[in-house]
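Residue-level listing of the chains:
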Amino acid sequence: MIFSYLAILGPLLAAAAVLALRRGAAPLALVGSFAGLAGASLALAHVAGGASRSAELPGLPGLPLRLVADPLGALLSLVVGAVGFLVMVYAVGYMEGEGSGARFYAGMSFFVAAMQALVLAGDWVLLLASWELIGFSSYLLIGFWFWRDGVPSSATRAFLYTRSADLGLYVAIFVLISRTGTSEISATLDVGSPAATVAGLLLLLAAAGKSAQTPLQGWLQDAMAGPTPVSALLHSATLVAAGAILMIRVSPLLPPGVRLAVGLLGALSAVACGLIAVSQRDLKRLLAASTSSQYGLMLLAVGAGSPVAALFHLVAHAAMKSSLFLASGVFQHARGSTAFTDLAGVGRERRLAFLGFVVAGLALAGVPPLSGFFSKDAMIAASFASPYAPVFGPLALAGALMSAVYVARAIRLLWHSTGAGSPVAGSGWMGAGLAALVALAAALGLAEGPIAGLIGQDIPRNLLVAGVGLALALGGLLLGWFVPAGRLLGPARGPAERGFRLGGGFDALAARPALALAGAADRFDRGIHRGVVGVGESALALARAARLADDAGIDRLIAALVRGTRGLGGRARRLQSGLVHRELVLATAGAALILAFLILGAFAP
Amino acid sequence: MLLQTVFLAFFGLAAIWFAVVVFRTSSMVRSALALLFSQAAIGTMFLAMQTEFLGVLQIMMMATEMAIMAIFMVMYMMDPGGLSGMDMTHQKRVSIAAGVLGTAVAVGTALLVDWGPIAGVPRPGAQVHDLGIELMERSMLIFETAGVTILTAMVATTAIAIGPRGPRGGVDD
Amino acid sequence: MAPLYVALLVGAVLFGVGLYGALSQTNLVMIMMGVEVMLGGAMVNLVAFWRFLHPETYSGQMFVLIVMTVMALEMAVGFGVGTGRFRAKGSVEMEEARDLKG
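Protein chains in written order, with the numbering used here: chain V, 9 to 613; chain W, -9 to 163; chain C, 12 to 113.
It should be emphasised that the hints constitute simulated quantities derived from the structure, not laboratory data.
Now the in silico label distances, taken between C-beta atoms and shown as ranges:
id, chain 1, residue 1, chain 2, residue 2, range
1, C, GLU107, W, GLY98, 37 to 43 Å
2, V, PHE605, W, GLY71, 44 to 50 Å
3, W, VAL90, C, VAL78, 22 to 28 Å
4, W, GLY137, V, ILE607, 31 to 37 Å
Cβ atoms here follow ideal geometry from the backbone N, Cα and C, with glycine treated the same way.
Between the sequences and the hints, there should be enough to build the whole structure, so can you do that?
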């Protein structure tokens, strides 16, 4: 178990060190991710025999946290560690000359640590926590260039879409834990209907959000605003894989009705996102739509009842898609943008990167002997072997066709015509990472057997379906090369380009209401603040009024009193005229008064 | 009784008339003499009311006093002869009002009070004898006090009248 | 009865005349004459009261004696003050006596 700990702690400590030291970020991140990779591979070696290790950590009362290194988890841990390390190598070259390096490498390392925790989680609480953490790191990394137009809103939209879909995960976990009384994942998988149906559908909702399935695919398009290493690591191989990983893990739980729903959703995504990919005018957006489409095929395989096929394609896809993204990053540095109009002919300049792009692309399209042929073949075979073959099969074939078409289209657009580009800095590092991943993409077909042995299930094989699939792949390549997208899609091109948004899409349904609520809460808080300040102001005003009353009222009263007394005194002074005869009159009057009192006193009772 | 009334009325009117003349004439000597005659009339009234001692005393005293007063008037007054025609009065209205008010109050009191029966009177000889007894027995203290007061007044008057010593002037000037 | 009233009336009128004189004259001597007249009126009243109401007690006559003494004293002191004033200011006109003016 110590190696699995290393797989998590290596990148985590690297992230902490980068944040604390703020210098030497790139070497620290490389060391951390290499340690993680080493740990993951050693752990896989340990559990290769089919054994599994687990560890318990203190958690909530009655719900301890569990880390489990079973064959599935160890394999995924290796995938995450390998892609993480190679993309980190690439990123050293990509981010040369870019500022805020500490923030980037800390974010990437933290993400890798969280993803490792997710794949090794043995209980729902840890899985939920790491699920949220990868969403959070995605938000941080997409919004890396937050001062550019549109970047913060893309990051917020991505976060809000996935977060609202995560409701499904929360409620499903509540249902499962309350039904079984424990949070251990494997123990909760044999709960009966109707809890299984409810939980399964809710988990499908969460997976659809995380893996950018229809109708939640919009956020992945906008997530391309982040740096290309982020797109390569998060949004092709690992974060979006979390949805598929969740589905693979809980596949024993799903009753047949839910399986149908899973498969249908996956198939629908595969076809719709494939169309979107064909219509795109931007390379990275094309690759993002392709990611959604491929994960749709994986969900289709899970729904068809063969999670092993989905797992195999997940591993292969991780290598293929990430190398496609890395190559596009090189092109982006050469031309300064990712739109096809700017990238025309860049393939002729950057031949090595273009070669990598072509190899990975053909693998994705399903050309033998590259890995994609085997994995896609397994998935189509699984779909034809399932009880719902009439529905799943044609849709799977359509998905495979689409993937060939858009790959060919992308290659053509990159090759044709010439344009001028600028020299690319850091191409040594970038090339190293790219080359390693392309090699993996090519060679992973050989891993089919070992993976099947590891998991203990057979990978479906169907020669007829393989032949049909190959034909479709070649035909799709030709179509994509020779026929422009407008002719191909016809009137559907406009809606497809916009991602088939319905009624404003999830912007109107989820993102905008959430932001409006946040704004209302902010206004309410400000209102309370104003209220409190107002109370203080009114107290001050009261004090001012009191002072005014004192100044104007009481002081004036006293002054008037003084004036009155002075006036009376002045008038009394006139009595003191000093003239004797006046004094005599006064004396006479006084005497008369006294006399009167004396006389009246005699009559008093 | 009737005779007494007539005499009282006659001499009373004389006293009043002479008192008015005191203030209405502008000659100082005539004023002094009018006052003398007024006081003499009062003394005669005393005699008419059968208090011989007091009456005689009054007449004697007033004669001497008025003579001295005449000297002083001539000394200090601006116009002793009274021929200049100056009006030597002030605050006429106030003083007339005061006089009338005083008279009215006194008259009112005299007329409205019930004085009781008239009593008889002792013989003059007996009066003087009893007055002497009264003086020497009961009123001795009064007279002693009066005597001391007189002495004090005399000393004080002399002191005031002498004036300041030194170059400004004194009794030898 | 009648003599009593006559005497009292005379005394009242004398008092009023004396008061008028004391208040209206400008000269000190004339003021003192007014006081003399007032005191004369008082004496008349006193004697009338003794003679017609209480002839047995001689305090009435005693009072009159005191009043006479007071009359003499008052005149003496008054002339002394007048002399002193005449020396200081050259006149005894009360209109000019504004020394105590407040």
